[in-house]
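Student: Top line first, the protein sequences correspond to chains R and V. One point on numbering: in my numbering, the residue at position 50 of the first sequence is 61, and numbering is uninterrupted. One point on numbering: in my numbering, the residue at position 4 of the second sequence is 17, and numbering is uninterrupted.
Bear in mind the hints are in silico, worked out from the structure with no lab data behind them. In this text, all values refer to a predicted model and were calculated from it rather than measured experimentally. Check each hint, because a few of them may be wrong.
[Stated by the list, open to error] 27 Å max Cα-Cα, derived DSS-like pairs, lysine-lysine:
#, chain 1, residue 1, chain 2, residue 2
1, R, 164, V, 66
2, V, 90, R, 164
3, V, 48, V, 90
4, R, 67, V, 90
5, R, 67, V, 66
6, V, 48, R, 185
7, V, 23, V, 66
8, R, 140, R, 164
9, V, 129, V, 188
10, V, 90, R, 181
11, R, 184, V, 88
12, R, 67, R, 39
[Claimed, not checked] Far from chain R by the CB rule (all over 10 Å, computed), these chain V residues:
#, residue
13, 18
14, 37
15, 95
16, 185
17, 229
[As the list claims (entries may be wrong)] Here are some chain R residues pointing at chain V (derived, C-beta under 10 Å):
#, residue
18, 187
19, 192
20, 202
Note that the Cβ used here is the ideal one computed from N, Cα and C, for glycine as well.
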Amino acid sequence: MKKPDPRIIFALVLVLSSFAVIIREDLKLMAGLMLMSILCALAIGVDFRKMFRRLKRLLQLLLVVSILRSIFAPSGTILLESWGIALLTVGGIEMGALVLLRFGLFLTSGAMLTCYPVRMLIQGMVQIKMPYEIAYMISVGVRFIPQLAEELKDSLIALQLRGVVIEDLKLRKKLSLYTYLLLPVVVSSMQNAKELAMSMDMRAFRAYQSRTSFFKLMLCPSDIVILCVISAFAVFMSVVLIMGV
Amino acid sequence: MTGGFSLELKNVRFAYSDNEKRQDFSLYVEHFSPKGCTALMGENGSGKTTLGKLAAGVLRPDSGCVLYNGADIAKRKLGQIGRCVGYLFQEPSRQLFTAHPLTEIAFALELQGISKSEAEARAMELLRQFELEHIIGHTTYTLSRGEKQRLAIAATMVMEPQFFVLDEPTTGLDKRRRNILVQTLHTLLAKNIGILLISHDREFADALHADIRIMDGGRLVDEKA
């Protein structure tokens, strides 16, 4: 099956992530939105198994955050109580689930964009009148994410090889440790950015005012249909939220 | 035997499982026990760095064992390994964590509960030992590559490791800075600290009187160069 035009996916991502932010308390609506985004992602060809493998740590962190959110925002029927303190409440669990679904929506939306080659994404951004420099910066930023992850991993190894047993440290020291990890990554990204900028200058990047492209994205009838469905969905969701249906 | 410390790799097999670029690579070492200063040489992609990382416990073998003083390190945490084996990465910037040279050396001690004043005193001593007093007051990321490298070695030395793995330490160093590094490494050897050098630089290995071992296609070639 032919993938939709990347501009259609931009519109879909914009709608999904906007509603992920706008929906504050309606768990059912958020769950519905999540289900829809999963179906869209599967249709585009997102490999969820690969995504889970890569984001395992982040997902664990999100789970912890949502559990903490459910503990610190008690409301509704108490399910578990200790020394007069409500540990688990129905409202708290709903809040935690909302946090988890919201981040899940952001990740799924981001994953949809990764199904397209960078060149197509840049062209899509340029054709929706985004300045080329910004489109290029976004694409470079995306390209650097795996490298940053690799550098962070190396720094963590180097830190442990200094004789630091992270698991044995107290929480306060563990937190201070993460500030140490950021320095080499930030410094190296700044150096990389400087070198990349120099190299782009040397290759005459933006030496001329106008830039043309042989490769153009064309919307086909099915793209128009999908865009109409997305627009109708956005209107429907807005009405549901405004009317509180 | 190196100052009472022995490192041995026995029947070690390793293959990259999740690295798309290196999925065709596999390493097998029947027996490797570096003594004094040993240099691993060979073409790019021959497995030198992989073997160095296996020796330092950064990578864990698929089968076989890595022994420190006869004990398998399989269940040891990397932080515990770091207290007896030091590792110098190819790019020293990746192992400098703070903005100031003194705190760079002292922070690992402080994390272990040693007081700030004592940690800084020991850091100062190491800076003197590695002739790096002149960089106090500089920020670590503005140092030259050679200074960063010596600072990284000094910072690793604070844990008093008994063995050192150095990955391509001469990359980007001029002759003068290379000679300074040779002197630094001779100081380590004089203290009975073992060195496993991963390098393409034959002249550098000779200056350290290293036992040269050649790697090819993930195997140690038996002949000694």
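Student: Hint by hint, note whether the structure agrees.
Tutor: Hints versus structure:
1. Restraint check for residue 164 of chain R and residue 66 of chain V: the C-alpha separation of about 14 Å stays at or below 27 Å, so the hint holds.
2. Proximity of residue 90 of chain V to residue 164 of chain R is assessed by CA-CA distance (about 16 Å); at most 27 Å being required, the pair is judged to hold.
3. At most 27 Å may separate the alpha-carbon atoms for a hinted pair to count; residue 48 of chain V and residue 90 of chain V meet this at roughly 24 Å.
4. For a cut-off of 27 Å, the pair hint linking residue 67 of chain R to residue 90 of chain V stands: about 21 Å separates their Cα positions.
5. At most 27 Å may separate the alpha-carbon atoms for a hinted pair to count; residue 67 of chain R and residue 66 of chain V meet this at roughly 24 Å.
6. For the proposed pair residue 48 of chain V and residue 185 of chain R, the alpha carbon gap of about 36 Å is over 27 Å, so the pair is violated.
7. A hinted pair counts as satisfied when its Cα atoms are at most 27 Å apart, and residue 23 of chain V with residue 66 of chain V qualifies at roughly 15 Å.
8. With a C-alpha separation of about 37 Å, the suggested pair residue 140 of chain R and residue 164 of chain R falls outside the 27 Å cut-off, and the hint is violated.
9. With a CA separation close to 37 Å, the supplied pair residue 129 of chain V and residue 188 of chain V exceeds the 27 Å bound.
10. Between the alpha carbons of residue 90 of chain V and residue 181 of chain R the distance comes to roughly 17 Å, so the proposed pair stays at or under 27 Å and holds.
11. Restraint check for residue 184 of chain R and residue 88 of chain V: the C-alpha separation of about 24 Å stays at or below 27 Å, so the hint holds.
12. Restraint check: the Cα-Cα separation between residue 67 of chain R and residue 39 of chain R comes to about 26 Å, which is no more than 27 Å; the hinted pair holds.
13. No Cβ of chain R approaches the Cβ of residue 18 of chain V within 10 Å, the least distance being about 15 Å, so the stated non-interface status holds.
14. Once the 10 Å rule is applied to beta carbons, residue 37 of chain V is consistent with being away from chain R; the minimum gap is 20 Å.
15. Look at residue 95 of chain V: its CB is around 4 Å from the nearest CB on chain R, not clear of 10 Å, so calling it non-interface is violated.
16. The claim that residue 185 of chain V is not at the interface with chain R holds, since no C-beta of that chain comes within 10 Å of its own (minimum 14 Å).
17. Look at residue 229 of chain V: its CB is around 26 Å from the nearest CB on chain R, clear of 10 Å, so calling it non-interface holds up.
18. The closest approach between the C-beta of residue 187 of chain R and any C-beta of chain V is roughly 8 Å, which is under the 10 Å cut-off, so the hint is satisfied.
19. This hint holds: residue 192 of chain R has a C-beta 7 Å from the nearest C-beta of chain V, less than the 10 Å allowed.
20. The criterion of a C-beta within 10 Å of any C-beta in chain V is met by residue 202 of chain R, whose closest approach is roughly 8 Å, and the hint holds.
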